[in-house]
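Spelled out, the chains give:
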Amino acid sequence: MHEWSLLIFTLCMQAAIGGTVMLLIFYKKLSKLDPEQQFHVMKLPLVVIAGLSLIGLAASFTHLGSPENALNTIRHLGSSWMSREILVTGMFIAVACGAAGLAFIQKKVNVWLLAAGAVIGLFDIYCMGAIYYNTLVSGWNSINTYTSFYGTAFVLGPILIVSLLVPFLKAKNEELAQAFVKNAFYIALGGIAIQLIGVAIFGITAPEVNQIAGVNVMDALEGYQTTVAIRWMIEIIGIFFIGYLSIAMNKKIPIYFAYGALAVLIFAEGMSRYVFYVMGA
Amino acid sequence: MAQLGFYINNDYCTGCKACVVACKDKNDNEVGVNFRRVYEHSEGDYVERDHAVIQNIQTFFTSISCNHCENPKCVEGCPTGAMYKREEDGVVLVDHDKCVGCKYCVWNCPYGAPQYNEVLGKMTKCDFCIDLISAGENPACVGSCPMRAIEYGPIEELRAKYGNVSDIKGLPNSSITKPNLVITAHRNAK
Amino acid sequence: MSNGFFNELNEKKISRRKFIKWSGAVSAPVVLGGIATTGNMVKKAGAELAAKKADELVLTTCSTVNCGGRCLIKAHINNGVVTRLTTDTKADTFELPQLRACIRGRGYRQFVYNPDRLKYPMKRVGKRGEGKFERISWEEAIDYIAKELTRITEKYGPASRYSNYASGHSGSIIGAGNMIQRLFGLTGGYLGFHNSYSSAQTTNATPFTYGTTQTGSTLDNLSHSKMIILWGHNPVETRFGVTDFYVRKAKENGVKIVVIDPRQSDTAVALADEWIPIAPTTDAAMMDAMTHVIITENLYDKSFVDQYCVGFDENHMPDGVPEGESLKSYILGEKDGVPKTPEWAEKITRVPASTIRRLAREYATNKPSALMQGWGPQRQAYGEQFVRGGTVLAAITGNVGVKGGWASGAGYISLVKTTAVPKGDNPVGLTIPCFLWTDAIVRGTEMDAKDGVKGLAEEQDTLPVNMKAMFNLAGNTLINQHSDCNKTAEILSDESLLELIVVSEIFMTPSAKFADILLPSNTFMERWDVGTTWAPSQQAILSQKCIENMYESKSDYEWMTMLAKKLGVEQKFTEGRDELAWIKWSIEESRKTDPNFPTFEEFKKEGIYQVSLEGNSVVAFEQQIKDPKNNKFETPSGKIEIFSKALWDMNDHEEIPAIPKYISSWEGPEDPLTEKYPLQLIGWHYKRRCHSTFDNNKWLEEAGPQVMWMNERDAATRNIKDGDRVKIFNDRGEVHMPVKMTNRVIPGTIAIPQGAWWSPDKDGVDQRGNVNTLTSQRPSPLAKGNPQHTNLVEVARV
Ligand code: SF4
Ligand code: SF4
Ligand code: SF4
Ligand code: SF4
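As they're listed, the protein sequences go chains Y, D and L.
Okay, so the first sequence: first residue is 1 according to my numbering, each after it adds one.
Okay, so the second sequence: first residue is 1 according to my numbering, each after it adds one.
Okay, so the third sequence: first residue is 1 according to my numbering, each after it adds one.
Hints are computed from structural coordinates only; laboratory data are not their basis.
From the three backbone atoms N, C-alpha and C, an ideal C-beta is built for every residue, glycine too.
Fair warning: there could be bad hints in the mix.
Said to hold, decoys possible - Quick list of the computed label-pair ranges, beta carbon to beta carbon:
(1) Asn-719/L - Ala-281/Y: 53 to 59 angstroms
(2) Phe-123/Y - Ala-716/L: 33 to 39 angstroms
(3) Gly-153/D - Ala-716/L: 25 to 31 angstroms
(4) Ser-42/D - Ala-58/Y: 54 to 60 angstroms
(5) Glu-156/D - Gly-203/Y: 40 to 46 angstroms
(6) Gly-153/D - Lys-347/L: 36 to 42 angstroms
(7) Gly-153/D - Val-119/Y: 41 to 47 angstroms
(8) Gly-203/Y - Ala-91/L: 57 to 63 angstroms
(9) Tyr-244/Y - Arg-713/L: 23 to 29 angstroms
(10) Ala-58/Y - Glu-552/L: 48 to 54 angstroms
Unchecked claim - In silico negatives: residues of chain D with every beta carbon more than 10 angstroms from chain Y:
(11) Leu-4
(12) Glu-40
(13) Val-75
(14) Asp-97
(15) Glu-151
(16) Lys-178
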């Protein structure tokens with residue numbers, strides 16, 4: 001397993017996209033604040049989203065053997081999902097950076113850019129999934145690929161945004177902060193639910209054995225059962241953190257709790273992605 | 001020229017891998033880069049009766065390179081258009097001026113044909129030894145097989161001579177890419 | 001500098017850049033990971049790279065390593081660098097097939113351009129075997145050798161000098177081993193050897209049946225057979241000329257092919273209709289049982305046995321032998337009360353009685369049929385019995401001397417004869433079985449005729465002196481390919497025993513590490529030679545000098561010429577000829593007996609002299625069968641000797657019976673030692689190596705990694721999984737290596753491909769997988785041959 005570049009790329013992009021969607025969802029509630037304050041609260045998430053997408057981009061470059069030819073990659077939109085994904089990812093990055101940049105210039109968040117980012121982003125995740133779904137790697141050509149990718153976005157996105165927003169918001173509007181954490185918690189639960197559905201479907205598909213792939217995917221994954229188990233345990237701990245946070249906000253719980261949850265969940269999703277790439281190795 | 005293809009007489013393949021190394025020699029390929037590959041497939045068990053053993057072990061070898069498919073998934077998925085199927089004889093090639101080294105073709109080919117070259121940062125694969133063919137020689141692998149188990153030629157001719165089988169035990173379903181490959185299956189591979 | 005550099009080399013840490021710098025200094029090619037690049041790799045797809053560059057030179061060469069293939073290799077040379085290899089491209093016919101190179105031949109550039117090659121002469125500085133050396137010049141090396149050789153000869157006499165059995169330069173007319181003996185002969189003589197590590201039992205035993213080892217027929221015969229039994233014969237991996245091609249042709253003709261082997265060999269997979277797994281060392285029991293079926297069911301060829309054979313039954317026995325000693329009596333158990341029935345054999349061999357019965361019937365009734373013996377089963381403790389058993393089966397079924405039949409036994413045949421540079425006389429006139437050289441070091445003065453010493457004069461009971469000076473040239477039998485590496489290492493390390501060890505090598509092999517003086521040899525691509533193959537031999541190939549000597553390497557003949565000069569016999573040694581001149585001489589000599597043998601110029605043009613089987617088909621013993629009056633077998637009786645009076649007179653009827661018998665083997669499946677070591681261990685010739693040559697060829701290691709084969713059942717009871725690193729051990733040593741779990745080997749037996757380079761760690765545990773860490777130095781009774789496939793071991797997870 002040596003697909004570290006792709007692992008970082010997909011995680012960063014999906015977190016950024018999930019974050020964008022969350023910002024859009026929270027935008028309306030945040031519009032209760034005055035635009036100046038709204039910008040103040042949202043600027044960090046916007047920067048982090050743009051930053052994540054740029055890190056993702058950089059990581060994806062390290063995957064390429066001949067990055068100097070990178071521009072060629074959008075020459076085959078007609079049939080290649082990879083071409084499409086690269087184009088759409090490029091658009092998302094442009095919008096994410098644009099949204100952040102513009103916000104700083106105008107001291108105001110442009111909701112249309114945010115909406116465009118969310119839509120493009122969600123389509124981008126579909127493209128990412130399609131890249132793997134359409135390969136002949138046994139285990140990837142399963143609905144699980146899509147659910148896993150969207151799931152990551154909906155787990156990491158909310159937690160990311162909450163951990164970035166709430167520290168600032170708490171001082172200004174405790175109630176809103178609490179509501180956000182709750183929202184984030186539910187959406188993250190939804191993200192996990194999506195992933196579980198994918199896993200269930202994956203489990204019942206009987207992959208074809210062929211001598212070229214060497215081993216069938218179930219055998220390939222056999223050695224990673226512990227990894228998978230630990231991943232779920234960590235994931236549940238992370239979600240528990242957030243859940244706890246969402247009901248116990250008013251008590252004196254350090255906000256670092258949210259950061260802790262974020263770290264734990266990134267780690268869990270990273271492990272999940274690691275196992276995902278084992279199938280292609 | 002018509003579409004080229006390979007014929008493999010799987011029944012006589014000894015798994016000797018002369019074809020694999022002949023190809024490496026021709027192409028200066030490092031360890032890990034194999035335009036042609038040979039797979040061993042073995043199944044079955046023994047019945048032990050008192051002291052005697054009765055075997056039911058079924059083994060065969062399959063030599064595969066690139067099948068220069070009719071429906072090349074590698075070409076379809078390639079984002080740069082570097083992977084292409086050339087007009088005149090349907091040989092599937094990589095244009096290194098375009099290739100970005102994304103390795104996506106590796107995941108798209110069911111036969112494991114694209115082989116990434118770390119030093120070049122580019123994809124490489126069986127090019128059907130088109131340089132040798134145009135100089136009137138056999139492709140290196142074809143001329144190397146001690147069992148005379150590999151032939152090449154216009155696929156229609158090969159099919160007329162040897163039939164239509166390109167699905168044997170252990171190979172991916174030929175409907176995926178429509179390989180230009182004809183196989184005489186080993187008795188254990190049917 | 002040399003020391004540090006060498007250590008680095010030794011640890012294979014030499015960096016690519018350093019190597020390029022090095023090679024640049026001697027104008028060697030630009031290499032990428034050790035391989036001269038052709039520029040092919042960086043070509044753009046579609047670029048019409050002309051396959052044959054305008055100034056490309058194409059020369060034939062021939063790997064004069066000890067390979068049974070000896071295929072045609074054409075080196076494509078650009079600017080003094082071999083950039084590509086091709087093989088035979090002539091029209092491919094049944095009578096004159098292409099000699100297509102196998103995997104090993106295709107990987108030769110990784111051999112010649114391997115960055116690990118020895119680059120200059122070296123002298124040992126550490127303890128012997130430690131592998132510590134310092135660089136010296138050729139002059140210093142030759143000086144040292146000449147001085148030491150003279151001292152030892154003066155002190156111990158010429159019989160203390162020995163050139164070890166070495167096959168890294170063989171099938172050659174100017175091989176290193178022969179040439180050093182020529183030089184020894186000119187300076188007082190030496191202790192010689194007979195036998196080989198390949199075929200000692202069969203070359204000794206076969207003549208007791210037929211009077212000769214030349215029992216092979218041309219391979220076109222196989223297409224006339226009704227059935228072919230390949231008994232322990234694996235021509236696909238071992239490579240015996242183009243036997244695999246002709247077996248394939250026979251199969252195409254509908255001939256049924258049966259392989260008997262503990263392993264489902266690659267031959268069995270691709271060519272056999274039936275594979276019969278058998279427990280190692282028990283082949284003779286199965287042969288006895290087949291004979292039982294053939295006799296009791298009256299399937300033998302009565303008139304053939306009457307007319308051509310001695311010893312079948314009591315009516316055909318030589319004089320002076322008591323009753324009850326004929327084949328029939330033994331098989332029916334008249335004396336020992338044990339009829340050699342298929343049921344009896346089933347318990348020993350693990351082959352079902354019904355299978356033995358069926359095979360015996362098929363073989364005896366489908367005439368003609370060919371029982372071809374491999375050399376593997378004769379490399380056993382009692383391998384002689386397997387050899388003779390096969391010849392007897394062929395004889396009693398009347399399959400000798402007929403087209404489509406096969407006489408079995410050693411199977412030598414040669415349609416092409418070359419003339420080697422003469423070894424000259426050996427004034428000492430003594431030889432030992434090559435397998436017993438370690439004995440000659442520690443107890444030479446006790447070794448007598450019973451140990452197989454030949455050439456002892458009347459008044460001389462034993463060797464006059466222990467071995468003191470050892471020349472191991474182009475060979476790895478100094479340790480790797482000899483039995484019991486640990487014991488051998490102990491003997492070699494004792495500097496009071498051997499006082500001089502000279503090794504010439506291409507790489508730092510396990511043998512090279514034991515050198516006092518280590519000389520860098522060139523490879524076959526850097527020198528002239530003529531190569532011929534093992535049986536059945538249809539060709540001679542001109543091995544041309546394709547490239548200049550790499551680094552400071554020299555051919556053995558080149559440095560021996562220097563040594564001859566120092567010893568004052570240069571003129572006698574060279575007769576004024578360099579290698580090329582000897583080649584031309586040899587060709588002219590061969591032309592004297594075979595007018596079709598090409599002239600040097602013709603040879604250079606074609607590269608090969610291959611005899612077509614058309615009109616040259618040979619059936620062994622055809623004359624003796626067709627016209628027995630005028631053509632006797634070369635045995636004492638003039639007949640096929642099922643019972644050999646000569647063997648009887650040796651008076652060791654238990655171990656050297658006069659008729660072939662199954663002898664329950666030490667470290668066989670019936671040995672009580674199985675309590676402690678329950679698994680049998682065999683080796684085999686791995687397709688990716690020629691004995692131990694090419695073990696360090698990375699292309700070939702990729703194609704065929706060093707793994708031990710183990711049956712799923714045996715693995716399961718030991719909780720071993722595919723790919724695990726396991727330890728294999730017995731009282732002689734321990735090996736650690738990865739396991740390949742496969743049912744292609746019979747339960748109860750494991751197999752380690754022979755030839756891996758012995759790599760002991762500090763505790764003496766081999767980390768590479770050399771089977772000889774576990775094999776025994778106990779010789780077979782008659783031939784004094786090596787018992788390599790006779791071992792009991794146990795396996796466990798590391
Ligand atoms: S075998 Fe694979 S690489 Fe070759 S054309 Fe077909 S899909 Fe492409
Ligand atoms: S590695 Fe090259 S040939 Fe393969 S898909 Fe990527 S760009 Fe195309
Ligand atoms: S045709 Fe040439 S490149 Fe393709 S597998 Fe054969 S030898 Fe290799
Ligand atoms: S060279 Fe021929 S026999 Fe050997 S592995 Fe290749 S296809 Fe099979």
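Hints versus structure:
A hinted range of 53 to 59 angstroms is violated for the C-beta pair Asn-719/L and Ala-281/Y, which are about 26 angstroms apart. About 51 angstroms separates the C-beta atoms of Phe-123/Y and Ala-716/L, a value inconsistent with the hinted range of 33 to 39 angstroms. Checking the proposed 25 to 31 angstroms range against Gly-153/D and Ala-716/L shows it is violated: the Cβ atoms sit about 47 angstroms from each other. Here the CB-CB span from Ser-42/D to Ala-58/Y is close to 46 angstroms, at odds with the stated 54 to 60 angstroms.
Range check, Glu-156/D to Gly-203/Y: Cβ separation about 44 angstroms, and the 40 to 46 angstroms hint holds. As the Cβ distance of Gly-153/D to Lys-347/L is approximately 54 angstroms, the hint placing it in 36 to 42 angstroms is violated. For the hinted restraint 41 to 47 angstroms between Gly-153/D and Val-119/Y, the CB-CB distance of approximately 53 angstroms leaves it violated. Between Gly-203/Y and Ala-91/L the beta carbons are some 59 angstroms apart, a value that agrees with the proposed interval 57 to 63 angstroms.
A beta carbon spacing of about 54 angstroms between Tyr-244/Y and Arg-713/L contradicts the range 23 to 29 angstroms that was offered as a hint. For the pair Ala-58/Y and Glu-552/L, the beta carbons lie near 50 angstroms from each other, so the given range of 48 to 54 angstroms is met. The Cβ of Leu-4/D lies farther than 10 angstroms from every Cβ of chain Y, with a closest approach of about 21 angstroms, so its non-interface assignment holds. Consistency note on Glu-40/D: stated as away from chain Y, yet its beta-carbon is not over 10 angstroms from all of that chain's, at 8 angstroms minimum.
Not every beta carbon of chain Y lies more than 10 angstroms from that of Val-75/D, the smallest distance being close to 8 angstroms; the non-interface claim is violated. Chain Y draws Asp-97/D into its interface by the beta-carbon criterion, the shortest separation being 8 angstroms against a cut-off of 10 angstroms. At roughly 21 angstroms, the least C-beta separation between Glu-151/D and chain Y is larger than 10 angstroms, which holds for a residue marked as non-interface. Against the 10 angstroms criterion, Lys-178/D stays outside the reach of chain Y, whose nearest CB is about 14 angstroms from its own CB.
Consistency note: the structure conflicts with the earlier hints numbered 1, 2, 3, 4, 6, 7, 9, 12, 13, 14.
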